[in-house]
Each structure stands twice: as C-alpha cells, then as structure tokens.
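Student: Each chain is listed here by its residues.
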Amino acid sequence: MANSSIMRSGVTLAAIAAVCTALVAFTYQLTDERIAANEQAWLEQSLQPALSGVFFDSGVIESMLTVPAPHALPGSEDAIIYRVYSGEAPVAALFVVSARDGYAGAIRLLVGVGVDGDVTGVHVLAHRETPGLGDRIESGKSDWIRQFDGRSLADPTSDEWKIKRDGGEFDQLTGASVTSRAVVKAVRNTLQYFDANTDGIFSAPADSGSEVEE
Amino acid sequence: MTTPPIVDRFKTGLWYENPGLVQLLGLCPLLAVTSTFVNGLGLGIATLSVLVVSNALVSATRRFLQREIRIPIYVLIIASLVTCTELVFKAWFPALDRSLGIFIPLIVTNCAIVARAEVFASRNPIGSSIVDGLVMGTGFALLLMAIGLFRELVAMGWLLAILPPGAFFSLALAIAAKNVIDRRRQDKQANAQLRRPRQLGRLKG
Numbered sequence: 035m036a037n038s039s040i041m042r043s044g045v046t047l048a049a050i051a052a053v054c055t056a057l058v059a060f061t062y063q064l065t066d067e068r069i070a071a072n073e074q075a076w077l078e079q080s081l082q083p084a085l086s087g088v089f090f091d092s093g094v095i096e097s098m099l100t101v102p103a104p105h106a107l108p109g110s111e112d113a114i115i116y117r118v119y120s121g122e123a124p125v126a127a128l129f130v131v132s133a134r135d136g137y138a139g140a141i142r143l144l145v146g147v148g149v150d151g152d153v154t155g156v157h158v159l160a161h162r163e164t165p166g167l168g169d170r171i172e173s174g175k176s177d178w179i180r181q182f183d184g185r186s187l188a189d190p191t192s193d194e195w196k197i198k199r200d201g202g203e204f205d206q207l208t209g210a211s212v213t214s215r216a217v218v219k220a221v222r223n224t225l226q227y228f229d230a231n232t233d234g235i236f237s238a239p240a241d242s243g244s245e246v247e248e
Numbered sequence: 002m003t004t005p006p007i008v009d010r011f012k013t014g015l016w017y018e019n020p021g022l023v024q025l026l027g028l029c030p031l032l033a034v035t036s037t038f039v040n041g042l043g044l045g046i047a048t049l050s051v052l053v054v055s056n057a058l059v060s061a062t063r064r065f066l067q068r069e070i071r072i073p074i075y076v077l078i079i080a081s082l083v084t085c086t087e088l089v090f091k092a093w094f095p096a097l098d099r100s101l102g103i104f105i106p107l108i109v110t111n112c113a114i115v116a117r118a119e120v121f122a123s124r125n126p127i128g129s130s131i132v133d134g135l136v137m138g139t140g141f142a143l144l145l146m147a148i149g150l151f152r153e154l155v156a157m158g159w160l161l162a163i164l165p166p167g168a169f170f171s172l173a174l175a176i177a178a179k180n181v182i183d184r185r186r187q188d189k190q191a192n193a194q195l196r197r198p199r200q201l202g203r204l205k206g
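Same order as they appear, the protein sequences are chains A and B.
Numbering-wise (the working numbering), the first sequence opens with residue 35 and increments by one.
Numbering-wise (the working numbering), the second sequence opens with residue 2 and increments by one.
Bound-form chain A, shown alone (with noise of 0.2 Å):
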C-alpha cells in the first residue's frame, strides 16, 4: 500500500530528525558556557583597537550598558554600550553595533567613539561577507577599516559621509561597496547617536537597563 509506506518514510524522517535535534542541542548545552566565555574574551581583546590613543582604566567591561530595541543606532537588537573611564572622566565609548544592509547578513561594529567625538577606531566583530572581497573589512586583512581614525562629524560634513562612488569622502573597497557603503553608514550613524546623547550615555548607570533619554 502507498499509504502505509508513505507513514512509514515520514515515521522514520522524524525519528531521525528528533535524534539528530537532541544531538545538537546536547553539543548547545555542553558548548555554551564556553562559547560565551570565548566570545567575551575576544570582546575584551578587540576593544584594543577601537580605542587607539586613548588611554584609560581597567573594567571596561563592567561599564556596560545595553540599549534595549528599538533605538536610533544601527541593528535591530539590543546594542551594547561600554564606557571607557580615566579615574572619574569619561574619555571614550564604545558601541556595539550591527550593519544591517551588508552583502551577506549582519556586520557586527565595535565603534570607539572619544568623548569629543572623535572615532577612536572601528572593529570588524562578525561578519559573513564574501571571502576575498567583503572580508577585506577586517583589520587583519587590509587596513581599510582604519580610515575612520580621526574622523567625526563635522569631519567629513554629513554629506560627505558615504564612500566614493556615492560622491563622499571614504574609500569603497573594489568589487564590496555594498560592504563599504553598509559600514560607513553604520558608524555615521553611531556618531550621529553619540552626538545627541553623549551626556546620557555617560550619566546612565551600569546595566540596570535604563534606557539612554533619546
């Protein structure tokens, strides 16, 4: 009978898809704290770069505060904020971010911004462009990324702030600026950000989950 041999393929599929999902998710399990762990030591390791000369104490980490979505920077998750202390002064912060209009899913930013609103250093966190073109926004790869150093907003003016080919001022990388284009606006409107609520970020208390006043 058809019938029955159909029932007997779709038991079986589902047999082994059930036991190939409890394979997996034993892995998630035995995986995720360590995962974690990695994640937030890389975090640490990378924050190095976005904050080049500039000079801080330790606990960077323990600054951190997360703005709940929806919010004016780029991404539609949750955004983390560090801040960055010399003794009581606030010197710089960083933003992670993602740039939602890559090539290939989500480009996650660490944006360092000083606290006069200057960019301290843009760093490549996660991203799935394409091996060879896209993937040249990674510091390792090419020195593209470091061309935001120095930068603010009134340099270039917020007209200039798109690459090349739009008619602005920064370098697209050959055969990405979709990739290009995605990251400049990304860290444009990062600054945008910090420029409306540098006092909020600053003043907000660590992670209680109060929202920066827009």
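All the pointers check out, no bait thrown in.
Taking lysine-lysine pairs in the DSBU-like style, the calculated list, with each CA pair at most 35 Å apart, reads:
| # | chain 1 | residue 1 | chain 2 | residue 2 |
| --- | --- | --- | --- | --- |
| 1 | B | K91 | A | K219 |
| 2 | A | K196 | A | K219 |
| 3 | B | K12 | B | K189 |
| 4 | B | K179 | B | K12 |
| 5 | A | K219 | A | K175 |
| 6 | B | K91 | A | K175 |
| 7 | B | K189 | B | K179 |
| 8 | A | K175 | B | K179 |
| 9 | A | K198 | A | K175 |
Read the hints as simulated data drawn from the structure, not as lab findings.
Please build the complex by placing chain B on the supplied structure of chain A, with the hints as guidance.
Tutor: Chain B only, in chain A's frame:
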C-alpha cells in the same frame, strides 16, 4: 606479495581515489581555505571527523531506511554533525574557528561526504564504513594541508599563490603531479612485462 586490506584501503583513499585529486569532490572548501597550512589542517580535521561519524551513522541506519527518503536522511545527519562540529570548534578552537569562518558550516555542502554516504556507507557494515570515512577523510585532509603549505611557501616569492587564482593553479599542479607519477609507474610495469618473456626465452635457449 599480499598486503593487508587496511593498507590497501589507505592507498585507495590517499592516492588512487583521493576525494580531492581523483574524484574532484569538495573543491569549494579545498580552494577557498587552503591559503595557509593551519587553515588546511583545521578544515581537514573538521571534515575528517564529520565524514567518519556520518559514515558510521548512515551505515548503522542503513537497514531500516527506505530508498526514497535516504537523501533527506543523509542531509539531516550531515547537517547536525556539522553544526555540532562548528559548536565544538567555537568552544575549544576559537582562533581556528575565526580564521575558517563560514567554511566550517559549509562542510555541509562538501559533496565528498554525501558521496561516501551514498556510495559506501549505505551498503557496507559499520566497521568498514568507519575505516572508509577515515581513509577518505585523511586523503582529503592531507591534500588540504599539502596545498595550504605549498601556497604559503610560494606566496613568499609570488603573491598570486595566496590569492584565489593561486588555489586553482596549486590544485592543477597537484593533479598533474599525481598523473605524471601514475604514468611513470604504468610505463615501468609495462616495460617489466615486456622484458620478462624475452629473458625467459633466453634462459631456455
């Protein structure tokens, strides 16, 4: 001269039916990640472990699988194993995971794995299938490492080797080298066969 079957199996996987050199399977990861020796080693080990376990699982389930649903089952098994491998790499080899990036999840698309499941594991007992996964995976991993090492060394003098076209040139060279070696061996054997009767004749005479 008899060689134990396990040695023959390794010769087959590493040389005569090397998945990369002869079957030309799994070229996408082979060409993409072999820019360094360490990357080749990392992806080689990841592929090898997925291949061994997938062969074992496919072989273990082969008796109660209906023919018409076998492909979706292979895909399910392989995709789950690759996800587990990715999690393990993220947890224990984070640096390697970052440098291999998307190519660990992309092991799913390595047709060498589906090919071994279909051609070998679905028709052979579990022990034999594990050995098959081991030898084929080792053959693939060694090729990845060899090309990675070659490109890394050559790139010191010739930058193109590290760029994507370099991968094609390196693979072509590797296949050419294998064919030259095979040809020489064949010639030698043929010569030996030609000579033997003549020598016998002389002895008799």
